[in-house]
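Protein chains in written order, with numbering that gives the first Met the number 0: chain A, 0 to 104; chain B, 0 to 104.
What the hints contain is simulated information worked out from the structure, not anything from laboratory work.
Idealized CB from N, CA, C, for every residue including glycine.
No false leads were slipped in.
Only some residues are given here: those of chain A computed to face chain B with a beta carbon under 10 Å:
hint, residue
1, Tyr26
2, Gly64
3, Met70
4, Asp76
5, Arg95
Heads up, simulated DSS-like pairs for lysine-lysine below, C-alpha to C-alpha not over 30 Å straight-line:
hint, chain 1, residue 1, chain 2, residue 2
6, B, Lys7, A, Lys2
7, A, Lys2, B, Lys1
8, A, Lys12, A, Lys1
9, A, Lys2, B, Lys14
10, A, Lys28, B, Lys59
11, A, Lys2, B, Lys28
Which stretches of chain A does chain B cover? Using the computed rule of at least three CB atoms under 8 Å from a CB of chain B, they are:
hint, region
12, 0-6
13, 18-25
14, 46-58
15, 77-85
16, 96-104
Number of protein chains: 2
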Amino acid sequence: MKKIELFKENGFKDKTFSNYFVHESAYMKVINFNFKAGQELPVHAHDLEGELAIAVLEGKGEFLGADGASMPAAPGDVLVSAIAEPHGVRAVTDMRVLVTITPPI
Amino acid sequence: MKKIELFKENGFKDKTFSNYFVHESAYMKVINFNFKAGQELPVHAHDLEGELAIAVLEGKGEFLGADGASMPAAPGDVLVSAIAEPHGVRAVTDMRVLVTITPPI
Chain A
0 MKKIELFKEN
10 GFKDKTFSNY
20 FVHESAYMKV
30 INFNFKAGQE
40 LPVHAHDLEG
50 ELAIAVLEGK
60 GEFLGADGAS
70 MPAAPGDVLV
80 SAIAEPHGVR
90 AVTDMRVLVT
100 ITPPI
Chain B
0 MKKIELFKEN
10 GFKDKTFSNY
20 FVHESAYMKV
30 INFNFKAGQE
40 LPVHAHDLEG
50 ELAIAVLEGK
60 GEFLGADGAS
70 MPAAPGDVLV
80 SAIAEPHGVR
90 AVTDMRVLVT
100 ITPPI
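With the hints as constraints, model all of the structure from the sequences given.
Here it is, written out as structure tokens:
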């Protein structure tokens with residue numbers, strides 16, 4: 000059992016998003032991404048089995064998908080996606096999200 | 000790909016915590032628990048392989064462990080635990096958490 004305080008451990012960077020590896024095991028990989036307003040994790044996909052969940056902890060932005068699709072993303076919103084399906088995140092305000100990938104890639 | 004707005008989908012209940020099943024698949028189970036101040040998910044464990052992560056979305060409380068252990072839990076805090084290890088949550092204020100269990104149980 001371990002506790003991680005993301006708001007203390009991970010800040011924001013000027014040039015690109017700041018990612019912090021929260022946990023990695025045989026079961027899952029957990030990463031916290033912090034975006035300054037306007038930064039993004041570009042749409043991408045991996046040709047692998049599995050799923051990921053992206054939970055918004057703070058701030059507002061958009062979940063991104065295939066073919067330019069986007070959905071508003073606000074605190075308490077969760078996106079669930081196959082790892083093989085195109086996905087991304089764009090920040091409108093400074094934004095913190097938690098990404099869980101299983102099985103870990 | 001699906002988006003779930005937890006702050007809209009799940010509220011609070013007077014008698015006990017309110018749980019909302021966000022996602023279940025072969026890869027993971029994702030559950031949102033909302034606690035009113037003073038409510039708790041009592042310490043428990045399952046004799047199974049796997050891990051869980053509990054992320055605080057809103058409000059303050061405590062992560063609970065074996066033998067009466069407790070740790071403060073605030074927004075952005077994440078607890079990672081084996082499923083087989085005793086774990087629980089107690090709310091001090093109204094509190095929303097997101098629990099991810101992998102493999103799903």
